[in-house]
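Peer 1: So the protein lines, in turn, are chains R and L.
Residue numbering for the first sequence follows our numbering, beginning at 1 and increasing consecutively.
Residue numbering for the second sequence follows our numbering, beginning at 113 and increasing consecutively.
Please note: incorrect hints may appear among the correct ones.
Straight-line alpha carbon distances no greater than 16 Å define the calculated EDC-like cross-link-like pairs of lysine to aspartate or glutamate that follow [as the list claims (entries may be wrong)]: (1) R:LYS79 x R:GLU22; (2) L:LYS114 x R:GLU59; (3) L:LYS157 x R:GLU100; (4) L:LYS191 x L:ASP169.
Calculated directly from the structure, the hints in this document are not laboratory data.
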Amino acid sequence: SQTIHQWPATLVQPVGSPLSLECTVEGTSNPNLYWYRQAAGRGLQLLFYSIGIDQISSEVPQNLSASRPQDRQFILSSKKLLLSDSGFYLCACEEVMNTEAFFGQGTRLTVV
Amino acid sequence: RKEVEQDPGPFNVPEGATVAFNCTYSNSASQSFFWYRQDCRKEPKLLMSVYSSGNEDGRFTAQLNRASQYISLLIRDSKLSDSATYLCVVGMMDSSYKLIFGSGTRLLVRP
Chain R
1 SQTIHQWPAT LVQPVGSPLS LECTVEGTSN PNLYWYRQAA GRGLQLLFYS
51 IGIDQISSEV PQNLSASRPQ DRQFILSSKK LLLSDSGFYL CACEEVMNTE
101 AFFGQGTRLT VV
Chain L
113 RKEVEQDPGP FNVPEGATVA FNCTYSNSAS QSFFWYRQDC RKEPKLLMSV
163 YSSGNEDGRF TAQLNRASQY ISLLIRDSKL SDSATYLCVV GMMDSSYKLI
213 FGSGTRLLVR P
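Working from the sequences, and respecting the hints, build out all of it.
Peer 2: Okay, structure coming up:
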């Protein structure tokens with residue numbers, strides 16, 4: 001079965017600093033990968049999804065970007081963080097279309 | 113209109129109660145449907161998939177109504193441990209396939 005690794009678990013970054021969150025997947029090949037953000041007390045907002053290497057779709061215009069340099073690696077980045085970027089960032093993996101998605105344990109980002 | 117909509121709640125019910133959540137989706141071409149459970153400050157975890165014929169897993173029953181574009185989750189004999197946020201999830205084709213989450217319905221089960 002697939003395993004999703006996300007790190008770090010918690011991150012505090014100053015406004016204007018860069019960001020790089022990494023998600024790696026084990027136990028599957030060519031999965032669909034997702035980045036979601038959840039603000040405190042809110043639902044999950046889809047940020048990016050990827051159906052393959054270097055194939056990224058962006059859902060919401062923002063100062064974040066995503067890359068998928070390898071089949072099982074999905075990276076979320078920012079050049080300059082904003083206060084509004086604070087939230088719980090979740091990476092999800094879907095092995096086959098129309099099956100359930102599994103989540104990493106998430107990164108709780110606080111921008112100060 | 114949001115692609116997936118849920119009543120945010122909270123639903124505050126006593127132990128043993130039966131509670132039902134509904135979720136509506138806007139894209140009639142949606143292909144797959146799920147209910148997830150999310151505990152406070154944790155990642156969402158799959159509760160159950162939702163099939164056209166409806167499906168049951170112990171105290172939980174999920175149903176899909178494609179004509180009306182809604183999904184339901186029924187929890188019977190609520191336990192304290194059922195307290196969580198329940199997320200409705202829809203898989204749909206846009207430019208490619210993607211999973212869209214509802215904002216969740218919060219359930220509080222009291223003694």
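Peer 1: Which numbered hints does this structure break?
Peer 2: When the structure is compared with the hints, none of them turns out to be violated.
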